[in-house]
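Protein chains: 2
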Amino acid sequence: MVDVERNRRATMVAVGVVGTSPEQTLDQRLLVIALAIDEWLDRHKPDVVAVERVFSQMNVSTVMGVAQASGVVIAAAARRGIPVAMHTPSEVKAAVTGSGSANKDAVTKLVTKILRLEAAPRPADAADALALAITHAWRAGSGAAAATTGPGSSALTPAQRAWADAEAKARRGR
Amino acid sequence: MVDVERNRRATMVAVGVVGTSPEQTLDQRLLVIALAIDEWLDRHKPDVVAVERVFSQMNVSTVMGVAQASGVVIAAAARRGIPVAMHTPSEVKAAVTGSGSANKDAVTKLVTKILRLEAAPRPADAADALALAITHAWRAGSGAAAATTGPGSSALTPAQRAWADAEAKARRGR
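For the protein sequence lines, the chains are L and Z, in the order given. UniProt numbering puts the first sequence at residues 1 to 174. UniProt numbering puts the second sequence at residues 1 to 174.
These are computed hints drawn from the structure, not numbers from a lab. Just so you know, not all the hints are guaranteed correct.
Each pair may be met inside one copy or between any two copies, as identical chains are not told apart.
[Claimed, not checked] Listed next, the in silico SDA-like pairs over lysine to any residue satisfying Cα-Cα at most 25 angstroms (straight line):
hint	residue 1	residue 2
1	Lys-45	Gln-24
2	Lys-45	Ile-82
3	Lys-45	Val-15
4	Lys-45	Leu-35
5	Lys-45	Thr-25
Given only the sequences and the hints, what does the whole structure look like? Please build it.
Listed below in structure tokens is the structure:
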């Protein structure tokens, strides 16, 4: 969870990693994720949720599990009327480090610096999540709630941005 | 939704197909599915939910969408403490028609006969869903709520079946 100001200054609000065990049944694992995302969304009421867009680099069985979990997260946001944005790992790396092929260490280092943290977020998944949130805010326009799940949706028209800003303001006012 | 008696006699309770449009954003499509499954589970309070296990025959982008939707469905069942069972398409075809490589027409025809329906369920997805439900009940033991999402979980030990039967009875008594 990050707050991003209009001048692109980003501040960490909270970070968490939800873990499940391969020994749990699939339904129990998805339940753990469902309950966790509900709690995070209800506690922090974000303007937008960013989810990693998974691509064909992965094999089918890995994609299945990741996609099932992401489906739960996306539906949880949709139930609350919170827009969902998706970005690929290379978009995230490019936004945060300047290179779409940066390694995990570089992402963690830059996330630590951008958020002015005293220590690097651990595990690496936490840094990845923060990088994804920063990426969305920077690509969509600082602090805007603008997002869709359509392809290539990160570039907003001025009208979309104005609408998104108004939406974000209305949300904060509630 | 089917009721299956101990003698394997199966009766259709209800059938439905939830459709979404490719023109809707992903989050809206998953929301439609989430709301529909919530309504079905709350209205019919099934003993068990059977979900098709998707395998690597599909390409990655098709798998993604199917997996995201199945994640939403599985989590909805898990939230309610309803066990989830998964069966592959060939398990379903084999259970209903006797052949793991039967075509859609054969599945529809047999489902219509097994459920003693006056007309074939339409669209084919509806017949597939009914076939999956029948398959689960027949494989798990008639009317049993037994199910897990682990691999190869359809074959129950006698102890598991006894437990499942007791569970199913307790559920009906509520």
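| request: Evaluate Lys-45 and Leu-35 at a C-alpha cut-off of 25 angstroms and name the case that applies: within, between, both or neither. | output: Cα proximity of Lys-45 and Leu-35: in one copy and across copies (15 angstroms, 21 angstroms).
| request: Evaluate Lys-45 and Val-15 at a C-alpha cut-off of 25 angstroms and name the case that applies: within, between, both or neither. | output: Result: close within a single copy only, 14 angstroms intra versus 37 angstroms inter.
| message | When Cα atoms must be at most 25 angstroms apart, do Lys-45 and Ile-82 count as within-copy, between-copy, both, or neither? | response | within (8 angstroms within a copy, 29 angstroms between copies)
| query | Which holds for Lys-45 with Gln-24 at a C-alpha limit of 25 angstroms: within a copy, between copies, both or neither? | reply | So Lys-45 and Gln-24 pass the 25 angstroms test across copies only (24 angstroms; inside, 29 angstroms).
| query | How would you classify Lys-45 and Thr-25 at a CA-CA limit of 25 angstroms: within, between, both, or neither? | reply | between (30 angstroms within a copy, 21 angstroms between copies)
Checked against the numbered hints given earlier, the structure satisfies every one of them.
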